[in-house]
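For this one, chain L is given, so just place chain X on it according to the hints.
Quick note, the sequences are listed as chains L and X, same order.
Residue 132 in our numbering sits at position 130 of the first sequence; the count goes up by one each step and never skips.
Residue 431 in our numbering sits at position 199 of the second sequence; the count goes up by one each step and never skips.
Calculated from the structure, these hints are not laboratory results.
Backbone N, C-alpha and C define an ideal beta-carbon position, used for all residues, glycine too.
A hint or two may mislead.
To be verified - Taking lysine to any residue pairs in the SDA-like style, the calculated list, with each CA pair at most 25 angstroms apart, reads:
(1) X/Lys249 to L/Val128
(2) L/Lys29 to L/Glu191
(3) X/Lys234 to L/Asn52
Claimed, not checked - Footprint (simulated), chain X over chain L, 3 or more residues, beta carbon under 8 angstroms:
(4) 50-56
(5) 65-75
(6) 78-85
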Amino acid sequence: MQLQVNNLTKIYGQNRGLTPTSFAVEKGELIAIVGHNGAGKSTLLKMLANWIVPDSGDVSIDGIDLKNRAAAVRKIGFIPEDPNLFDFFSVEYNLKLFAKLAQTPLLRVEDILTELNLLSFRKAKVQTLSKGLKQRVSIGRTLLASPSVLLLDEPTSGLDFETTREIYRLLNTMHAAGKTILFTSHRPEEIKNLATRIMVLHKGQVIFDGLPEEYFQSDIHAELYA
Amino acid sequence: MKNTLVLTLNDLAIAVKNKTLVLVLFIPIFVFIALNLVDKADVEANIIKIGMLQDQTYPAEMAQSIEAADQVFAVTWLANQEQALRLLKDHKIDGIVTSNEDQPNSLALLVLKKESLHTIAIVQSFSALQKAVEGHPPSWVSQISSLQHSSMQRETLPTWILMVILLVGFIILPAQIAEEKEKKLLLGLLQTPIHEAQWLAAKLITGMALAVTATLLLHLLSNVWPQHIFSYLAFILVGSFCFSAYGVFLGFLCRNQASARTLGVIVYLPHLLPSAMADVSQKLTAVAPLLPSFQLFEPLQSILLEDGSMASRSFALIYLLLLGVVMFYLAYRLMKRRWLM
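The shape of chain X in the complex, shown without the other chains:
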């Protein structure tokens, strides 16, 4: 334990000396400047998954038309509002359609996020269907409400947090490990009675400390905080553990810093883009859950934006934890074999 602490302090000192810490501090500031500039995405013309409630009385013509338009809508009939909300929060459906009690012969649409390209796509599809059926206004959807009521900063925060955690895991740690291998510093440290696992643990703790510091800074700057703080903290810790272990493993696959940075970027971008962009693209929504990063991003989004908790996200938590353990073990095996040292 003492050795691990000494090694961790040494690693943090290295992070200061080689400007790694400056990079970590720079990202949150960059994020908030970039926020004002980011506003583009593509709308996918895919089938929209709509939830309809069995206990609702829909205007007959509308219900029939929606069901008949199977090239545009995939309708799931649900027993009650509670079940529908659960599916919506789990991204299994794109929106819930109910009859609008305030305005007869019209519909109310409940979506996750009102100001999103996804919602625009749904409304556009309804509008096109109505035009095809009736050919004139007023619009079928007379009311749109959303589960998320939040600012732009809150809405985009999970994306930036994912970016920072992946940056530490895939870019910073592999490069630092490759540097220690390249300069034979690691072999020098192994001339002392430290255990290989202690060195690896120090790297892991360093990665987690950097990721958690950057995340905290993001929250301080945006003044956005989650309702379920323990659930949130659990995902931040387990996520930074998982991706730090992943990064340590990547570091062992590289002989030098340059190759580590290259490999890091190659792994970083595919992990970042589908997860962060999944919300605005149905195609990406289908692919994203296959990536480990989505298992962190989705719970963070749920907890921060929908007041979700850890209870319904235990699969993601265990997935991240197990992946981290596997990566740590693989890194340990490579270290024992003095791989590319």
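Pulled out of the complex, with its shape left as it was, chain L reads as follows:
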């Protein structure tokens, strides 16, 4: 078991958030987390990424407790919906800053720039880039430390068709390279094309956890997109 989640809970006011949730993830799974807005999808990912402190519950990644943040961050990478980069600096500066802090060799920055087709943008300030390019830089930054588990919060939200396809290609490449991926999405075609497993959240509870075929034949899918 690569990722083990036990009774993870976060309750905001008006009963929003995530009720006690438990599940396990095997290495190499590509899981789509779906649900309406406010269902708890982002809250779940942010707790796994250490962005939000849970009210209760435990998470372990490759046997490392998430509370041991310094060790856990080497195992898990989070790509938020809105890229959180230092806008006024160049792509290269952003990548090098995170490489230094992640204690990754700076040569890895060159690999990332090449892998993600960012070489021609290396000197460009992030604030001048399109959202799709920023998303690629954000993914590149996360990949610098070679985490085994990747979390993506609505990775194609607000992107055009071409850029969305580029992100799909990247996800498939990372999956083929053995990464475990969890992503949230509202797009049925995205879920169908990418996911090897689907989790549905509704009002902070997991109401479905199974294979894509089962999900698309179930009433839950029909109700979700009714």
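Only chain X this time, still in chain L's reference frame:
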């Protein structure tokens, strides 16, 4: 340590990019233009604390009248000149009255600063008392001397230095921290194996570097330097540490830049005004020591204007240091809880 250095350099680069550094450089220049325009304050009609020496022979009528005028003067009889000077430097008394040996039947007044509203108030009170008792000149106070012999630039320098240190602590740092929270940059940095304390330390060092740079620039422009350089440096460093830590804590109380700036100004002004204006107002003199800013301002003033040293100001130094540590710890706790992130 390496991570802290990398983060500090990053923070300094941010300070350049978001024009923070321009603001820090602008203030000292603004200060020296404003110096020529600033000349107003209010004189408070409060009781004046006068020190008189037991080993002095005062003209009997004058001494009796001063003691009797308890609505105007509060007289403290002191054993010797040394004790009196200490109380004057510590702002426990407003002036020392001795008999003027050069001119019989008159008094000599020793104050901290001759060209101040405070001194004018003292002389006015003596004049009013004399008029009530004798009804005619010559004036009882025939000689006025002061401990501080300095230019306007030197006299006002502690106020500007306090302004700059508080500006970095209460306005610049909270806004920068709130921005990093608002744009989720801090959470991004926490995706790397850095420790929360390293990030906080980088912010603290950035704040201190900005405050010390601005202070240095003020000294270079005015060409005014303290006699006890180590005492002075200790207070500048500890003061910038204290108020930078305070600012880091304030930053964690805010969700975005706008609220950080607002909170910063709300905290900035009360800290600045009583400390900087305490010298010209007795009411403010009573309130000012309650503020942390006074624990920096008063020693800076003492060292710069009265050649004071750290030895008699250890309480203020420890106070600032402890307050800084407490603020740093509170900021650390809020960061661990991902407060308003």
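Quick rundown of the hints versus the structure:
Simply put, lysine 249 of chain X and valine 128 of chain L have alpha-carbon atoms about 13 angstroms apart, close enough for the 25 angstroms limit, and the pair holds. Distance hint between lysine 29 of chain L and glutamate 191 of chain L is fulfilled; the C-alpha atoms sit about 24 angstroms from each other, no more than 25 angstroms. Only pairs whose Cα atoms come within 25 angstroms are accepted, and lysine 234 of chain X paired with asparagine 52 of chain L is accepted, the gap being roughly 23 angstroms. Given as covered by chain X, the stretch 50-56 of chain L passes the check, having 5 residues with a CB less than 8 angstroms from a CB of that chain where 3 are the minimum.
For the stretch 65-75 of chain L, the proposed coverage by chain X is satisfied: 4 residues have a C-beta within less than 8 angstroms of a C-beta in that chain, meeting the threshold of three. Only when three residues or more bring their CB closer than 8 angstroms to a CB of chain X does the claim for the stretch 78-85 of chain L stand; here the count is 4, and the claim holds.
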